[in-house]
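There are 2 protein chains.
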Amino acid sequence: MDYPSKVLAKAVEEISGLPGIGKKSALRLALHLLKQPENIAIDLGDALQKLVIDIQYCKECHNFSDTEICDICAQEKRNDALLCIVEDVRDVMAIESTGKYRGKYLVLGGKISPMEGVGPNQLNITSIEKKLEKNVQEIIFALSATMEGDTTAYYIYKKFKNFNAKFSSIARGISVGDELEYADEISLGRSIQNRIPYDESSS
Amino acid sequence: MDYPSKVLAKAVEEISGLPGIGKKSALRLALHLLKQPENIAIDLGDALQKLVIDIQYCKECHNFSDTEICDICAQEKRNDALLCIVEDVRDVMAIESTGKYRGKYLVLGGKISPMEGVGPNQLNITSIEKKLEKNVQEIIFALSATMEGDTTAYYIYKKFKNFNAKFSSIARGISVGDELEYADEISLGRSIQNRIPYDESSS
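Protein sequences appear in the order of chains F and H. 46 is the number that this note's numbering gives to position 46 of the first sequence; each next residue is one higher, with no gaps. Whatever position you read off the second sequence (first residue = 1), add 1000 for this note's numbering.
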């Protein structure tokens, strides 16, 4: 397409570099910004640049943080003996929003994926060892139920199984509210294999 | 949602201000930028800020332009007697890409829409009068086939019908390649009313 203005063409090119945004959507977004007060685009540009320049990572769990040690790692009430292994910040936010976990986290920063060229060395795996040497007694895998998630969990298990720690994984099964007849057979199969003792409070 | 970092929270807030992008997509885009080399986000931020600061409008047709008079208005070969009225830059690009029009354009910058609070005064309608006083002999409406598009065309027609100029509108009808049985009845009805002389070159 031939844009009538170079600044417009450049903006469309840069916006359409984002995943899931094509040239037409990018042009629509650029025209939207041009119809708004100038400061909307200025603030958006500033926020994107500050994001990549000012972002910091917690030295303990490798999650994003504004301080050297993040708010979660700094909480003294949290149980240091539990270490929940997750892929990225979204998983930490999802688990925190349940209010059911009071241990610590370790953010891998991805999962092992030969297809995308991500090997164990690109992930924050070595710091798990330091934590096992201190006081971690249980490693909890909270990774995606995909080939890559399973591979990552298996790699970490193999590497650290000689440490004196338990390994566990979040339960796979039927979601609360799901009808059995519509559940996929793998999830249903796993939920029968990994059945749990019934007690009144669980239903 | 509780973001672990203020720069991340700010970026998500600004990105999700764009139309059609919610908080979850905004977070996904922010994490994508953090995984790329730093300059991707820096360049994107620069392009957005330059867009709103450096953009210029052609003095003749009000389209975006890098110069005082845009490339289309500057072409001497173009027919000054034809003036095609469009809503925005996308329409100019769409018509130019057909290669079937050699007249000039006038970009209104929107259409009359009481629902969105856009009245005739916010559009570039007054400059049509100056062009009619010069040498424009035909006004061609190329506006959306919607209530707002029709209202805008009618307003302009009423305002300038006493000038010695023809008024026309792009043809509405059945798209090339469409099956009659699946066409909507309004388009089909208009295409019968506005039937055109048959000649061998048109099919």
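Keep in mind the hints are simulated off the structure, nothing from the lab. Check the hints yourself; a few may be wrong.
Keeping only pairs whose Cα atoms sit at most 20 Å apart, straight-line, the calculated PhoX-like set for lysine-lysine is [what the hints assert, rightly or not]:
no., chain 1, residue 1, chain 2, residue 2
1, F, Lys-50, H, Lys-1035
2, H, Lys-1024, F, Lys-59
3, H, Lys-1050, F, Lys-10
4, H, Lys-1134, F, Lys-50
5, F, Lys-6, H, Lys-1023
6, F, Lys-23, H, Lys-1134
7, F, Lys-131, F, Lys-59
8, F, Lys-59, H, Lys-1158
9, H, Lys-1024, H, Lys-1035
10, H, Lys-1010, H, Lys-1059
11, F, Lys-35, H, Lys-1035
12, H, Lys-1161, F, Lys-35
13, F, Lys-50, H, Lys-1050
14, H, Lys-1006, F, Lys-50
15, H, Lys-1059, F, Lys-6
16, H, Lys-1023, F, Lys-50
So, going through the hints one by one against the coordinates:
1. In summary, the hint linking Lys-50 of chain F to Lys-1035 of chain H is supported, as the alpha carbons are separated by about 15 Å, within the 20 Å threshold.
2. For the given pair, Lys-1024 of chain H sits about 26 Å from Lys-59 of chain F by alpha-carbon distance, which is inconsistent with the 20 Å threshold.
3. Note on Lys-1050 of chain H and Lys-10 of chain F: the hinted pairing holds, with a Cα-Cα distance of about 9 Å set against a maximum of 20 Å.
4. Of the supplied pair hints, the one linking Lys-1134 of chain H and Lys-50 of chain F is violated, its CA atoms being roughly 52 Å apart against a limit of 20 Å.
5. The hinted pair formed by Lys-6 of chain F and Lys-1023 of chain H fails the criterion: a straight-line CA distance of about 31 Å is larger than 20 Å.
6. The suggested pairing of Lys-23 of chain F with Lys-1134 of chain H is violated, with an alpha-carbon distance near 38 Å, which exceeds 20 Å.
7. Between Lys-131 of chain F and Lys-59 of chain F the alpha-carbon distance is near 12 Å, which keeps this suggested pair within the 20 Å criterion.
8. For the proposed pair Lys-59 of chain F and Lys-1158 of chain H, the alpha carbon gap of about 70 Å is over 20 Å, so the pair is violated.
9. Proposed proximity of Lys-1024 of chain H and Lys-1035 of chain H is supported: the alpha carbons are some 17 Å apart, at most 20 Å.
10. This hinted pair does not check out: Lys-1010 of chain H and Lys-1059 of chain H have alpha carbons roughly 38 Å apart, beyond 20 Å.
11. Taking the CA atoms of Lys-35 of chain F and Lys-1035 of chain H, the gap is about 31 Å. The hint is violated against a cut of 20 Å.
12. Between Lys-1161 of chain H and Lys-35 of chain F the CA atoms are separated by roughly 30 Å; this puts the pair beyond 20 Å, and the hint is violated.
13. Simply put, Lys-50 of chain F and Lys-1050 of chain H have alpha-carbon atoms about 17 Å apart, close enough for the 20 Å limit, and the pair holds.
14. Of the supplied pair hints, the one linking Lys-1006 of chain H and Lys-50 of chain F holds, its CA atoms being roughly 10 Å apart against a limit of 20 Å.
15. A C-alpha spacing of about 17 Å is found between Lys-1059 of chain H and Lys-6 of chain F, which places the hinted pair at or below 20 Å, so the restraint holds.
16. With a C-alpha separation of about 18 Å, the suggested pairing of Lys-1023 of chain H with Lys-50 of chain F holds against the 20 Å cut-off.
Checked against the numbered hints given earlier, the structure breaks hints 2, 4, 5, 6, 8, 10, 11 and 12 and satisfies all the rest.
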